[in-house]
Amino acid sequence: MSVAATQKKGFGAMLWDYLTTVDHKKIAHLYLAGGGFFFILGGLEALVIRIQLIKPENDFVSAGLYNEMITMHGTTMIFLAAMPILLGLMNAAMPLQIGARDVAFPFLNSLGFWLFMFGGLLLNCSWFLGGAPDGGWTSYASFALTSPGHGIDFYVLGLQIAGAGTLMGGINFLVTIVNMRAPGMTYMRMPLFSWATFITSVLILFAFPALTVALFLLMFDRMFGSAFFDVALGGNTVIWQHLFWIFGHPEVYILILPLFGLFSDVFATFSKKRLFGYTAMVFATMLIAFLGFMVWAHHMFTVGLGPVANSIFAIATMAIAVPTGIKIFNWLATMWGGSITINSAMLWSLGFIPTFTIGGMTGVMLGSAVADYQYHDTYFVVAHFHYVIVGGTIFGIFAGLHYWWPMMFGRILNETMGKITFWFFLVGFHLTFFIQHFLGLMGMPRRYWVFLEDQGLDLGNLISTIGAFLMAIAVIVFFINIIYTAAKGEKSSPDPWDGRTLEWAVETSPPPFYNFKQLPLIRGLDPLWIEKTEGKGKMTPAEPLGDIHMPNGSILPFIMSIGFFIAGFGFIYHGDHAIWYLALYGGMALALGCMAVRSLKDDHGFHIKKEELEREAD
Amino acid sequence: MSQDHSLNPETMPNEPEKATLEGKNKFLGLWFFLGGETVLFASLFGTYLALRNSAADGPTSEELFGLGLVFLMTILLLTSSLTSVYAMYHMKNNNFKKMQVWLGITALLGIAFLTCEIYEFTHYITEYGFTFRSSAFGSAFYTLVGFHGGHVTFGLFWLIGLMIRNAKRGLNLYNAPKFNTFSLYWHFIDVVWVFIFTVVYLMGKVG
Chain A
717 MSVAATQKKG FGAMLWDYLT TVDHKKIAHL YLAGGGFFFI LGGLEALVIR
767 IQLIKPENDF VSAGLYNEMI TMHGTTMIFL AAMPILLGLM NAAMPLQIGA
817 RDVAFPFLNS LGFWLFMFGG LLLNCSWFLG GAPDGGWTSY ASFALTSPGH
867 GIDFYVLGLQ IAGAGTLMGG INFLVTIVNM RAPGMTYMRM PLFSWATFIT
917 SVLILFAFPA LTVALFLLMF DRMFGSAFFD VALGGNTVIW QHLFWIFGHP
967 EVYILILPLF GLFSDVFATF SKKRLFGYTA MVFATMLIAF LGFMVWAHHM
1017 FTVGLGPVAN SIFAIATMAI AVPTGIKIFN WLATMWGGSI TINSAMLWSL
1067 GFIPTFTIGG MTGVMLGSAV ADYQYHDTYF VVAHFHYVIV GGTIFGIFAG
1117 LHYWWPMMFG RILNETMGKI TFWFFLVGFH LTFFIQHFLG LMGMPRRYWV
1167 FLEDQGLDLG NLISTIGAFL MAIAVIVFFI NIIYTAAKGE KSSPDPWDGR
1217 TLEWAVETSP PPFYNFKQLP LIRGLDPLWI EKTEGKGKMT PAEPLGDIHM
1267 PNGSILPFIM SIGFFIAGFG FIYHGDHAIW YLALYGGMAL ALGCMAVRSL
1317 KDDHGFHIKK EELEREAD
Chain B
9 MSQDHSLNPE TMPNEPEKAT LEGKNKFLGL WFFLGGETVL FASLFGTYLA
59 LRNSAADGPT SEELFGLGLV FLMTILLLTS SLTSVYAMYH MKNNNFKKMQ
109 VWLGITALLG IAFLTCEIYE FTHYITEYGF TFRSSAFGSA FYTLVGFHGG
159 HVTFGLFWLI GLMIRNAKRG LNLYNAPKFN TFSLYWHFID VVWVFIFTVV
209 YLMGKVG
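Order-wise, the sequence lines are chains A and B. Yeah, the first sequence ends on 1334 if you go by this note's numbering, and it's all consecutive. Yeah, the second sequence ends on 215 if you go by this note's numbering, and it's all consecutive.
Bound conformation, chain B alone (with noise of 0.2 angstroms):
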């Protein structure tokens, strides 16, 4: 087949996930998608700085948030960002072993995350009885922080299923973009994450 051969050339050229029209369209597009994901958050944070001092007779955020393990997973989830950059990295020098090892440690460090953030949330609703119904700060707030969370589930998968679906035949024209758009998209997930740091636990502890 003509395209088989058109995108798996002899020499990967520099920028392999750009070098196809459908790769700079997944580029531009995924770029499109996350300006209107800044948008959804920001209309969740606009909603959470309204709502995050109604705590009805609910728990409030100082007497919520501990900071310790929200640095943890703030430590995590940057982290992640910077191994998806080493994956990149190899992607360009057509290294695809050493991209899936990034890729795998990226993946784990997300898992780790999710991880942290299902046990804090467990944590507030056993011990605090702080639920998505307690008060609109309830509300507000697990829908700003499970909206985050739930990306990065969503990246994840999206992760996996591209590392494994790959695995076998190696990098080319065709699944570069594809690599490179999550990696765009999980840069964003932790930007988002910074923002809710600042804003919500930060904010949430001092006040």
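The shape of chain A in the complex, shown without the other chains (with noise of 0.2 angstroms):
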């Protein structure tokens, strides 16, 4: 393969291109298509809730239907949107950032978005087959065995899929980062987005197989008759939410870390400073993260666990305040005296801020385990965690494709249009989510498909249901400016920002596949700006012009991913009709198949040559 081959092609070659990449900037691509797809879908779910909830006792959808809705808003968002986009700006930013020319796994890397990609469509099949899921995103193990139908079993099988392949990301970024910084990158010197990344994927790392464990327990139960769950044979649903929140709580943090690096690459980028109190930053990130594992038990103050284990898990919450506000104060103080640009990315940053802020405050409130007995269950917490999801993750979604769309597709996305986005984002969330606190606090509960007239809760619903309009107009405007910048947006030069960090110092915009001709030197903290007071303006090379050694694309991870679809399909229904085996070993037979072609027959993909090289450089 030659670098001229990957200039034009037909829609086929590009079809076959994107169902075999390794390169880590293309699979970003797939990343942010797929979950765009799923947050369209959890998009549309929220707004079946909030049509159901603009009027008492409304009956636009079912309670069972409802129940359903409010499941799948959960677990798409969450695990099918949010996390895909993250991992998809990390695919994207990370190795740019660090230097290097690709992960250190890329098979690795592709067989992790397909797996995901036909999780989550195994999850989704299941409103063509018969209902979709219906516990909630946790799916208690209590409601969850007495589910009839097969809902609960599409939770189970997608979630184990797409969750194994989130877990090779994160292995696969630690490594990447461990072994793979170019020459001169201490630690110290990674940029904050980076950092972020490393401590996420340790998140991943130790929390999602608590995750595998809960969901291989609730299947063996619904479909092999194990007794886990089943009281009557010494069983103990309590299990299962340990399990959840072991795994679910360092899982919010997995959807925020990233974006406390992301926020605070943009801020020092567009306040041309140095970010403030780096260390401190990093130590903060590393901080968050730990205590993360320490503290699920405050998911589950109303169990009886104990006065003891409650005050314990209160303590270890309130710490987490701590850290999350010394990066606030770090990301106000990189601000002062700056010199600041307000653009779109700008913009959803400094919406972050507060927002994030009063998600804190409330989450400290909800850590409290006395007054937790009265928030617990209700509207309270939904917009408690709204406001620290949204507020954070989706904001900063926001902010990082607005930052680096430039770099991952070579067109700078229409501003006019990013700041309608913003404003109708940024006013119909609030509208929709800061009326829940007092609708919570009158005593609603969250999950219930209906309520009464005339209990002080109808204007409150009235107005969240209009926030939630809102926030589609803005989303619906964004999808208008991909369009409208993939057509005729304004091309890009590869630092439109003026950039402080490697990944604004590639040759063209979007870099090309190797990254970096020869791997720079990194001389400090944001290297490029290092060069560019000095009058540089580009990175010096640690290595003379030679050959660069490329992985090899396949199309193994997409058939691999079919195969644990096919047999997620027989474990679902082989209780129904024995015909069902055959899905059940056909697919495991074509997914393990493809792991022994994998280790069997040799890759030791290719070399693109100097002379090729250099050739490229005229």
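For the record, the hints were derived by calculation from the structure and aren't laboratory data. Hints should not be assumed to be uniformly reliable.
Pairs of lysine-lysine residues, derived as DSBU-like cross-links and limited to a Cα-Cα distance of at most 30 angstroms, are as follows [stated by the list, open to error]:
1) B:Lys186 x A:Lys1325
2) A:Lys1207 x A:Lys989
3) A:Lys1317 x B:Lys32
Build the complex: two chains, separate frames, hints provided.
Okay, structure coming up:
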């Protein structure tokens, strides 16, 4: 494969290219497209929920369908929209930021994506096959065991497959960052986003196996007659809650930490200042990650674990406010006295600070175990986690997309539409969720499909629904922006924002598939900015021009994931009819067969010749 | 081909498993993977500890377990870990034949272990009617020990696949990391068994 072969191609060739690609930049495109697709689905489910709650005793959807909507909204948004988009951003930016040519395991990278995609599709197939899962996104074993039909089975298998993909992504990023930093890129010179990717990957590595086990136990109980949660045979349903939250609480930090890193990069870039308190930021991120594993039982205050356990977990929970506060103040201090540019990426970042701070404060309120008995399972909780997840993760994703769009696609997203998106979303968001704090305090429980008239809940719910539609408008404008930019957008230079970090030091926009012709020499934090202030303006190469070793593409990850997808149906339906064992064994054989091929067939990759690179330069 | 030359050097380096970037990546990647596996087994152990006395009407751990067989299994698996160390020793000395011999012994010991485990499970099911569905204890026991057994089975396929695939072409810098990662994995399986021996069998018999 030569460099020239990557130019101009027909649709078929392009499709094949994306199916077989192991290039981290193209896998990032796939993650963004897949995550974007599920984001729309999850958004539509949110609108159904809000329409149902627009007025008292509404009958827009049935109670059963409403349960499916809330379950799928939460599950989709967290596992199939937010996480993949984050993995997409990490794939797009992290290897460039640390000066690597690709990730450590390009094949696994591709496999991780396809597993996520087919896991997500499997989960959503449930809509057409007798009903979606309806046990809430937490799928507590007590409901989940009695839920009729196959909805919960789709939840179990879909998440198991998607989760395996995420775990691979985590290991891959860890090894990449440890082993593949460019010469001179010490740990304490890495941009904050790369640091956040590293720490998030640690969280993924240690949190996801707990979910794997929880899902296995539920699968065994539902499909193979085991008794983990069957109280009559000595089982205990609280085990599910522990395992789920041992995964689930680190998961919320998996969702927010990458964006903490991203905001740090954005604030530094658009304030034209070095990040304030870099070291403190790194250690605050680590501390949040560590404490994130120590607080899972604050989701279980009302289970009855006893006052000692509740107190310990309450204190640990409140302690997280300290490193988070360090971050908020460091961001403010970064902007202080800076020469600030306000554009869409910066607007989302500015909007994030007050929004997330409100979410953090309600978090401390919820962390108080005694007060939690009042808040538990009310709309106060719903408001809280939307303030942190939407106000943090989604705002961050929008900031990241505006910031890195030129690097990923070579065009700058339209600013006017970007600003329209931001203002509609910001106003819509606060309309939707601010009022829900009060609805919750007035006693409105979450997950109920109707509420009664004249209990002081009517107006609040109406306002909330109007807000949701404003957010929908914002998202529509954003998608129009994407299409407009692809067709007529302003072409970008490799460094449109006068950047500070390595991803802006590449030769073309988007970067060539080998990223760097010669690996750059890093002389300090914000390496590109150092070269700019010293009048050079570009990176010094750390090596002479030579052959570049690149990995081969492969279709195996795609086929392997199809294998697991088919096997998933086999597992779900094998109890209904023996014919489904065919799908079970067939699918597993296909997947394991691909693994065998991968491991027995040598794959040495290929070299881009030095001469070819020189020709490229002309 | 240039890479064939660079992967088959005249003199093998001291640590052939970490001589290439791919090798280093595999080495570190497997360590991280084992970190995840630790959480996986920790969750299974936690579940087992919570449910080990929930035998409902079925047999309890005191009635079931016999330490004789489990002791034999422990010896088999611990020895297989030692033989895999010998294999890695010979890999570092670039002695492919001896490495294959010791890996072969490792595989045989692994198979012997697995045979004992299959016998043990069959014994519980036929003699005591103790199954996966008998009680929460049964589910937790078979899941924890079965996950370990599954890992042993997977490891055996991995090992035998590696040995057959590379039988004719000897050691090079491309396959040395593969042998090395297998041996790391095998040690991990061994360590998990030590915990199973203690937490499941010893505590089940005495506790």
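We went through each hint and held it up to the structure:
no.: 1; hint: B:Lys186 x A:Lys1325; verdict: holds (28 angstroms)
no.: 2; hint: A:Lys1207 x A:Lys989; verdict: holds (26 angstroms)
no.: 3; hint: A:Lys1317 x B:Lys32; verdict: holds (20 angstroms)
Comparing the model with each numbered hint stated earlier shows that all of them hold.
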